[in-house]
Amino acid sequence: MKKLLSFIMLAFMLVACGSDTPDVVVKKCMQAYIKEDVKQVAKCAYYKTEDERQRYLKEVIYSIKKDKEFINTKSGVKLIETSIVNENENVAQVKVVVTYNNGDKDNGLIDLVKINGYWYVKK
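Take 419 as the starting number for the sequence shown in our numbering and just add one per residue.
Because the hints were derived from the structure by calculation, they are not lab data. Warning: the hint list may mix true and false statements.
[Stated by the list, open to error] With a straight-line Cα cutoff of 30 Å, these simulated DSBU-like cross-link-like pairs (lysine-lysine) come out: (1) K446 x K457; (2) K486 x K513; (3) K476 x K492; (4) K457 x K476; (5) K496 x K513; (6) K492 x K445; (7) K523 x K540; (8) K445 x K496; (9) K445 x K486.
Given these sequences and hints, build the entire structure.
Here it is, written out as structure tokens:
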């Protein structure tokens with residue numbers, strides 16, 4: 419899970435799932451990633467150029483394959499819980515707790531930024 423959270427925090431250029439609250443954006447992004455829904459994850463990403471989009475898609479596909487093995491060692495994901503730790507006008511921090519089917523839990527913090535009314539996961 420630490421790898422999964424790290425990927426979401428470091429590899430995503432900027433990720434948004436609409437004008438939802440920060441915790442909902444994080445949950446939707448993680449659900450799409452865990453479901454291996456590359457198209458949905460890609461729709462959520464902000465790109466400055468087509469080259470960035472192509473590099474990003476390759477990173478997502480690679481990371482999903484790698485993280486799938488880790489998730490399988492935990493017998494899959496049972497629950498994703500998100501809660502806002504801090505939210506100001508244009509920045510927020512969301513706590514994520516992932517509970518696996520084998521009972522293990524992982525948690526982490528994800529930073530977000532608001533651009534043009536939409537929340538994005540920060541790099």
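The hints, checked one at a time:
1. K446 x K457: holds (13 Å)
2. K486 x K513: Distance ~22 Å between K486 and K513 Cα, so the pair holds.
3. K476 x K492: Holds. K476 to K492 sits at ~25 Å (cutoff 30 Å).
4. K457 x K476: Given that 30 Å is the threshold and the Cα spacing comes to 12 Å, the pair holds.
5. K496 x K513: holds (17 Å)
6. K492 x K445: Measuring from Cα to Cα gives roughly 19 Å; hence the hint holds.
7. K523 x K540: holds (23 Å)
8. K445 x K496: holds (13 Å)
9. K445 x K486: Since the Cα atoms of K445 and K486 sit roughly 18 Å apart, the hinted pair holds (cutoff 30 Å).
In terms of the numbered hints stated before, the structure departs from none.
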